[in-house]
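Undergrad: Spelled out, the chains give:
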Amino acid sequence: MSIDDERDLHERLDGAVEAIAPRPAPVDGVMRRGRVIRWRRRAVAVAAVAVVAAGAVAVPSLRHAAAQHQPATSHYTATVQAPGPHSPPGLIASGTVNGQRWALTAGRPGAGGAGRGQQFVIASGPAFGPDGTTDSAPAFAAPATEPVSFTGIVCGPSQAAYGPVAADVSYVAVRLGNGIVLTLHPVRVYGVRLVGFAIPVSAPVVSATAYSARGEIATAIPFSDGGISSFVTWLRPGQSGLARASGLVGSGSYLGKAWSVRAYLGPWGACLVGQAGGEAAGSSCEEVTSVSRNGTGMWLWTGGDPALAMGSAGPSVARIAVTSPDGKTTQVHPVAVGGVRFFAFAFGQGPKHWKWTAYDGSGHAITSGDVVPT
Amino acid sequence: MSAQLDTEFREFMHGRWPAMVRLAYALTGDQGHAEDVAQAAFARAYASWPKVRRTGNPEAYVRRIVINENRNRFRKQRVTERLTDTPPEPGSGAGAGPGADATSQYDERSALMAALRRLGPRQRAVVVLRYWLGLTEAEAAAELNCSVGTVKSQASRALATLRQSTELVDGGSQ
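Read top to bottom, the protein sequences are chains R and E. Our numbering applies: residue 507 is where the first sequence begins, and numbers increase by one. Our numbering applies: residue 560 is where the second sequence begins, and numbers increase by one.
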């Protein structure tokens with residue numbers, strides 16, 4: 507068999523794809539999972555409000571500088587311990603946050619209504635508030651390239667991160683802003699080696715370093731937004747990543763509501779963080795290790811009031827034309843932060859698509875897409 | 560969410576589930592992973608269903624999530640995809656069945672999917688959008704949030720890789 511032309515490829519793809527017989531639509535499981543997503547959105551919003559109310563971060567635009575460069579507070583404690591021989595099945599880790607107990611437990615893949623290929627993770631204990639939370643995600647598997655693949659959650663007054671580790675990881679050291687170092691020992695849970703920890707939602711994680719029997723494998727310096735630390739970029743020994751920089755990408759007022767988008771660059775990669783109507787609107791981080799590899803693309807668009815769109819612009823992009831559903835076009839110009847060019851704009855409420863097109867200096871369209879305030 | 564909206568979502572998902580699983584299968588090359596991706600996409604759509612339904616084209620919305628979910632899984636989690644030297648075991652996969660013809664068809668399909676798995680996620684997405692769904696270069700670029708030039712170059716490289724793929728040249732009949 508060979509691929510002689512595009513039609514040949516189409517026919518072969520068609521044959522391969524049409525031959526599969528999907529199992530019946532797991533509607534109930536999907537709806538349960540959708541409700542969890544909605545619940546998590548509310549939980550994150552509540553946690554962010556709680557952090558602001560506590561005075562840990564008074565000025566939104568300073569939040570990340572505080573989170574990344576100095577502890578919001580040093581008056582907290584956190585411990586973690588791996589499961590012992592008599593621990594309940596599925597336990598990833600347990601410990602305390604400010605003296606209150608927590609536990610992270612994985613469900614058996616596919617069990618408990620998780621659906622085929624899915625797995626629940628249950629955050630329980632007083633440290634996670636009165637109710638705890640249940641997160642559903644694709645079943646764990648060892649990461650192929652990075653040493654640890656963390657998933658972050660916020661629940662009540664605590665944040666947690668958990669995930670599978672690569673085969674050569676002996677332990678992971680998580681360094682917190684007040685000097686506490688949590689040592690995570692992988693435990694095999696339903697065939698996959700996992701680690702997990704919990705800390706106060708306002709406690710910054712300085713770094714997570716994965717070690718093998720021979721020494722350091724890689725270190726991730728996370729970016730924190732809304733209490734969730736994003737471990738996107740793992741730096742090997744000797745790698746420095748991007749230099750730290752931050753700046754305003756865009757701001758303004760849309761239908762009477764103030765909005766802004768700021769970029770934060772550093773060893774964590776590049777992150778764009780939006781604020782709309784005085785509230786956190788969403789953020790997105792990318793594994794960027796070199797400014798020269800910056801391309802053009804939309805990273806994230808949010809719902810909210812107003813909705814925000816944000817992305818990166820390659821070196822040839824001169825402007826971005828944003829066209830509303832009724833045909834009105836406005837121009838947005840890329841802004842460089844730390845050598846990486848970004849763009850952002852606010853757009854309206856409602857279900858209709860807005861179009862954006864990036865043009866070069868000669869007026870040639872480079873790329874385009876659409877966003878919808880959902 | 561109201562019972563009426565739930566009923567509406569159920570009907571939508573029942574109707575579009577096979578198409579989205581097939582799209583995800585073309586992107587992932589694995590039926591189990593495809594169903595994971597499709598489930599995640601529908602769950603996200605359900606989480607925002609009141610707004611998604613107002614777009615007037617919820618299928619397009621879910622399709623874009625499928626593409627992004629697959630890309631995100633590859634980029635951030637990297638937990639679901641392993642390159643292997645051998646095609647997956649027959650049995651529960653596509654086209655498994657008795658007889659020489661079925662085996663031959665299975666070998667051909669598995670060889671194609673094994674060759675696709677050797678492409679990067681973006682090249683694979685370009686191949687699927689351009690040569691299976693039949694989108695134009697501009698439409699594929701819009702779906703992938705990249706330039707038309709990128710689609711062209713990625714498609715060209717992908718086709719070159721597929722033409723040189725040992726799985727396809729050898730006929731996938733190991």
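Since the hints were derived computationally from the structure, they do not count as laboratory data. Note that CB positions come from ideal geometry on N, CA and C, so glycine has one too. It is possible that part of the hints are untrue.
Taking lysine-lysine and the DSSO-like style, the derived pairs with C-alpha atoms no more than 27 Å apart in a straight line are [what the hints assert, rightly or not]:
#1 R:K834 with E:K610
#2 E:K711 with R:K763
#3 R:K834 with R:K763
#4 R:K861 with E:K610
#5 E:K610 with R:K763
#6 E:K711 with R:K861
#7 R:K858 with R:K834
#8 R:K763 with R:K858
#9 R:K861 with R:K834
#10 R:K763 with R:K861
Computed, partial: chain R to chain E, Cβ under 10 Å [as the list claims (entries may be wrong)]:
#11 P528
#12 R538
#13 N604
#14 R607
#15 I628
#16 Y760
#17 L761
#18 T802
#19 G803
#20 G820
#21 K858
#22 A864
#23 A871
#24 I872
#25 S874
#26 D876
Undergrad: Indicate, hint by hint, whether the structure satisfies it.
TA: Taking the hints in turn, this is what the structure says about them:
no.	hint	result
1	R:K834 with E:K610	holds (23 Å)
2	E:K711 with R:K763	violated (41 Å)
3	R:K834 with R:K763	holds (20 Å)
4	R:K861 with E:K610	holds (18 Å)
5	E:K610 with R:K763	holds (20 Å)
6	E:K711 with R:K861	holds (22 Å)
7	R:K858 with R:K834	holds (13 Å)
8	R:K763 with R:K858	holds (20 Å)
9	R:K861 with R:K834	holds (10 Å)
10	R:K763 with R:K861	holds (21 Å)
11	P528	holds (4 Å)
12	R538	holds (8 Å)
13	N604	violated (30 Å)
14	R607	violated (29 Å)
15	I628	violated (18 Å)
16	Y760	violated (18 Å)
17	L761	violated (17 Å)
18	T802	holds (7 Å)
19	G803	holds (4 Å)
20	G820	holds (8 Å)
21	K858	holds (8 Å)
22	A864	holds (8 Å)
23	A871	holds (8 Å)
24	I872	holds (5 Å)
25	S874	holds (6 Å)
26	D876	holds (7 Å)
Checked against the numbered hints above, the structure violates hints 2, 13, 14, 15, 16, 17; every other hint is satisfied.
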